[in-house]
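Taken in sequence, the protein lines are chains A and B. Note that the numbering used here has the first sequence beginning at 55, numbered continuously upward. Note that the numbering used here has the second sequence beginning at 11, numbered continuously upward.
In case anyone wonders, no lab produced these hints; they're calculated from the structure. Please read all numbers here as calculations on a predicted model, not as lab measurements. Virtual Cβ for every residue (Gly too), placed ideally from N, Cα, C. Any given hint could turn out to be false.
[What the hints assert, rightly or not] If you anchor each label on the Cβ, the simulated ranges turn out as follows:
| no. | chain 1 | residue 1 | chain 2 | residue 2 | range |
| --- | --- | --- | --- | --- | --- |
| 1 | B | Leu393 | A | Thr57 | 38 to 48 Å |
| 2 | A | Val177 | B | Asp373 | 23 to 33 Å |
| 3 | A | Asp235 | B | Ala396 | 38 to 48 Å |
| 4 | A | Pro111 | B | Leu393 | 57 to 67 Å |
| 5 | A | Gly168 | B | Gly316 | 50 to 60 Å |
[To be verified] Just some of the chain B residues that point at chain A, by a computed CB distance under 8 Å:
| no. | residue |
| --- | --- |
| 6 | Val104 |
| 7 | Phe344 |
| 8 | Gln348 |
| 9 | Leu365 |
[To be verified] No farther apart than 20 Å at their CA atoms in a straight line, the calculated lysine to any residue pairs in the SDA-like style are these:
| no. | chain 1 | residue 1 | chain 2 | residue 2 |
| --- | --- | --- | --- | --- |
| 10 | A | Lys112 | B | Asp315 |
| 11 | A | Lys112 | B | Glu346 |
| 12 | A | Lys207 | B | Glu347 |
| 13 | A | Lys112 | B | Phe350 |
| 14 | B | Lys283 | B | Glu346 |
| 15 | A | Lys78 | A | Glu88 |
| 16 | A | Lys112 | B | Ser358 |
| 17 | B | Lys277 | B | Ala237 |
| 18 | A | Lys269 | A | Leu302 |
| 19 | A | Lys112 | B | Lys277 |
| 20 | A | Lys137 | B | Glu360 |
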Amino acid sequence: MSTLEIRNLHVTVETPEGTKEILKGVDLTINSGETHAIMGPNGSGKSTLAYSIAGHPKYEITEGSVTLDGEDVLEMSVDERAKAGLFLAMQYPVEVPGVSVSNFLRTAKTAIDGEAPKLRTWVKEVKGAMENLRMDPSFGERGVNEGFSGGEKKRHEILQMELLQPKISILDETDSGLDVDALRIVSEGVNRAKENTGLGVMLITHYTRILRYIKPDFVHVFVNGRVAEQGGPELAERLEAEGYDRYLANA
Amino acid sequence: MTVTDHTQATADTAHSHGVIPDKSRADRVVSFDVDAFPVPTGREENWRFSPVRDLRPLFADEAADGHLEWTTSELPAGVTLAEVPADEARERTVREPGDRASAIAVKHAGGAMALTIAANTVVEEPITIDLNGVGGDVRGHLLVELGQSAEATVVINRTGTARYSELVSIDLKDNAGLNLVLLQQWDEDAIHAGEVLARLGRDARLRGTVVTLGGKVVRLNTSAAFAGEGASVDLFGLYFADSGQHQEHQLFVDHAVPKCTSRVTYKGALAGKTAHSVWIGDVLIRAAAEGTDTYELNRNLVLTDGARADSVPNLEIETGEIEGAGHASATGRFDEEQMFYLRSRGISEEQARKLVVRGFFADLIHEIGVPAVEESLMRQIDLEIAHVEEELEHE
Ligand SMILES: Nc1ncnc2c1ncn2[C@@H]1O[C@H](COP(=O)(O)OP(=O)(O)O)[C@@H](O)[C@H]1O
Ligand SMILES: [Mg+2]
Numbered sequence: 055m056s057t058l059e060i061r062n063l064h065v066t067v068e069t070p071e072g073t074k075e076i077l078k079g080v081d082l083t084i085n086s087g088e089t090h091a092i093m094g095p096n097g098s099g100k101s102t103l104a105y106s107i108a109g110h111p112k113y114e115i116t117e118g119s120v121t122l123d124g125e126d127v128l129e130m131s132v133d134e135r136a137k138a139g140l141f142l143a144m145q146y147p148v149e150v151p152g153v154s155v156s157n158f159l160r161t162a163k164t165a166i167d168g169e170a171p172k173l174r175t176w177v178k179e180v181k182g183a184m185e186n187l188r189m190d191p192s193f194g195e196r197g198v199n200e201g202f203s204g205g206e207k208k209r210h211e212i213l214q215m216e217l218l219q220p221k222i223s224i225l226d227e228t229d230s231g232l233d234v235d236a237l238r239i240v241s242e243g244v245n246r247a248k249e250n251t252g253l254g255v256m257l258i259t260h261y262t263r264i265l266r267y268i269k270p271d272f273v274h275v276f277v278n279g280r281v282a283e284q285g286g287p288e289l290a291e292r293l294e295a296e297g298y299d300r301y302l303a304n305a
Numbered sequence: 011m012t013v014t015d016h017t018q019a020t021a022d023t024a025h026s027h028g029v030i031p032d033k034s035r036a037d038r039v040v041s042f043d044v045d046a047f048p049v050p051t052g053r054e055e056n057w058r059f060s061p062v063r064d065l066r067p068l069f070a071d072e073a074a075d076g077h078l079e080w081t082t083s084e085l086p087a088g089v090t091l092a093e094v095p096a097d098e099a100r101e102r103t104v105r106e107p108g109d110r111a112s113a114i115a116v117k118h119a120g121g122a123m124a125l126t127i128a129a130n131t132v133v134e135e136p137i138t139i140d141l142n143g144v145g146g147d148v149r150g151h152l153l154v155e156l157g158q159s160a161e162a163t164v165v166i167n168r169t170g171t172a173r174y175s176e177l178v179s180i181d182l183k184d185n186a187g188l189n190l191v192l193l194q195q196w197d198e199d200a201i202h203a204g205e206v207l208a209r210l211g212r213d214a215r216l217r218g219t220v221v222t223l224g225g226k227v228v229r230l231n232t233s234a235a236f237a238g239e240g241a242s243v244d245l246f247g248l249y250f251a252d253s254g255q256h257q258e259h260q261l262f263v264d265h266a267v268p269k270c271t272s273r274v275t276y277k278g279a280l281a282g283k284t285a286h287s288v289w290i291g292d293v294l295i296r297a298a299a300e301g302t303d304t305y306e307l308n309r310n311l312v313l314t315d316g317a318r319a320d321s322v323p324n325l326e327i328e329t330g331e332i333e334g335a336g337h338a339s340a341t342g343r344f345d346e347e348q349m350f351y352l353r354s355r356g357i358s359e360e361q362a363r364k365l366v367v368r369g370f371f372a373d374l375i376h377e378i379g380v381p382a383v384e385e386s387l388m389r390q391i392d393l394e395i396a397h398v399e400e401e402l403e404h405e
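So here's chain A without its partners, still in its complex pose (with noise of 0.2 Å):
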């Protein structure tokens, strides 16, 4: 049982006009197995949310604090944050051109077991995990992201946290951009992961589409740089009826 908590959570950026606070005061608890929608408009902070938690250099934390079962998280470098059980989905996932899949997968299994994985039995796993996310074996010998399409940038990054095993998953729009049937493929692994190691998500998402694949148990609606109301999957279908509208005129 691990829990994530964002306490009071405030995170600036260097802009060409100056400091902009981005986050404002943000506070969130995430226990082992529990699902967490994460529903905003565009800008509203949620990639900045994600990479905070992360580590990325560029958002500095000003205020407030992040703890994975009590450890300082934002005392740690960014490896050993994923050490720790913290895995982030990315939105954007960049190329590292002539460093293959299988490679990177293997070095990053073994940074964060402390050792390297039984060679055969790894071997099954990756093809196991890869064949679910109907994924060609020829994947493993191409670079990583290099050129992939959009959707088969995000069936790489639920493959790796399928294979990393964290404790606490964030998931920047992961639904962003696939058809329905990577859609469908997609959730699988994260339903598999939920069942299989009792995975705690944030599940960041703009659209409500997703949410039908993935049940949360929770949705808090994200509004410039704080949750500006939760509940239950029940406040997901009242987004999908009447949109951010309500709470863009309040903000």
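Dock chain B with the ligands against chain A, hints included.
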């Protein structure tokens, strides 16, 4: 038509130097006469990026008494290595020297060493020549000659230290195929200026790989000239410059006859405040060279602040009847987003850097085609990266 562009990037800026008008590459002076080349001042077109002060010992028209220690793999049948007297060596050289250092190397080398591979001889195993410097001034003249339809791989590895200048002449008769690997793994105080001159007969194939990791100053000037139709050159280069290192690679591919193909692919990584690399790639397609197909590429990866990569591709085209001609040059900062991506998967900073740099060089290393060299290079690159980590820690 002359197309010149020049990109130069320091750690913080990447910008174009603008067009520097040049006379045709065809008009450059070549001569065995040292006096045809005044002592370079650094203002000349071909020396403008070079640290001429460090190179000065190589411009002195006087005898040099040092030598390199030669260790050669066992030579199979059809392959000979022999000393050639100075007069004959000059005659067997494919072209006259193109700069002062090269002319002096020939004049004071006291003759040449000639590696000769007889016609129709196919050598399966790589021929390796280790040249180890034990200090002092050394002048060298080397001939590599392949008879018609001969094929071989030759690996020349330079280690130790010296103030070394040389001319390497490569003569490929019709339909010969040579895979030549030149490794510069000098100690950190070596000074090396070399001219590599290749002439390709009809249907001949040259694969040349240059790897420069060591030395204080390494300046290699490679020219390939087509003398018969249907020939091809593939020139690959890999370099890694640290603080205090100047690594310069100039290339000239002379398409003088029809239907020849050339590819130039050089990649470099730079780390450390005073690391400096220079790449100048000249390609000349003469009026007679119809059906030419050429492409040259230089990419630089700047790992730390202060390192500087100069990159100047230059394509001169005198006929429109060609298959293709292009060039690309790019110098980029080490990508922090790539680092973040890898580290967010638990991979440490040092290992992430290693992955990215290895990935940058991976395709190039696989082109060398000598497994032992490829493996040792990957290890060398890991060592270079470990060195970068040390430098970063000290900042
Ligand atoms: N690195 C950055 N530099 C400058 N502005 C940024 C940066 N990251 C985010 N922002 C700004 O912060 C706001 C929130 O962005 P983001 O977190 O990407 O929102 P979302 O993911 O909800 O669309 C936007 O106005 C965006 O322009
Ligand atoms: Mg976003």
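Status of each hint after checking the structure:
1. Leu393/B x Thr57/A: 38 to 48 Å: holds (44 Å)
2. Val177/A x Asp373/B: 23 to 33 Å: Holds, at about 24 Å.
3. Asp235/A x Ala396/B: 38 to 48 Å: holds (46 Å)
4. Pro111/A x Leu393/B: 57 to 67 Å: About 27 Å separates the Cβ atoms of Pro111/A and Leu393/B, which means 57 to 67 Å is violated.
5. Gly168/A x Gly316/B: 50 to 60 Å: violated (36 Å)
6. Val104: At about 36 Å, which exceeds the 8 Å cut-off, the nearest Cβ of chain A leaves the hint on Val104/B violated.
7. Phe344: violated (12 Å)
8. Gln348: Hint on Gln348/B: holds, closest Cβ of chain A at ~5 Å, below 8 Å.
9. Leu365: At 5 Å from the nearest chain A Cβ, Leu365/B passes the 8 Å test, so the hint holds.
10. Lys112/A x Asp315/B: Holds, at about 18 Å.
11. Lys112/A x Glu346/B: The hint holds at about 10 Å.
12. Lys207/A x Glu347/B: holds (16 Å)
13. Lys112/A x Phe350/B: Within the cut-off at roughly 10 Å; holds.
14. Lys283/B x Glu346/B: Since the Cα atoms of Lys283/B and Glu346/B sit roughly 19 Å apart, the hinted pair holds (cutoff 20 Å).
15. Lys78/A x Glu88/A: violated (24 Å)
16. Lys112/A x Ser358/B: holds (18 Å)
17. Lys277/B x Ala237/B: violated (28 Å)
18. Lys269/A x Leu302/A: violated (26 Å)
19. Lys112/A x Lys277/B: It is violated: about 29 Å lies between the C-alpha atoms, which goes past 20 Å.
20. Lys137/A x Glu360/B: It holds: about 16 Å lies between the C-alpha atoms, which stays within 20 Å.
Checked against the numbered hints above, the structure violates hints 4, 5, 6, 7, 15, 17, 18, 19; every other hint is satisfied.
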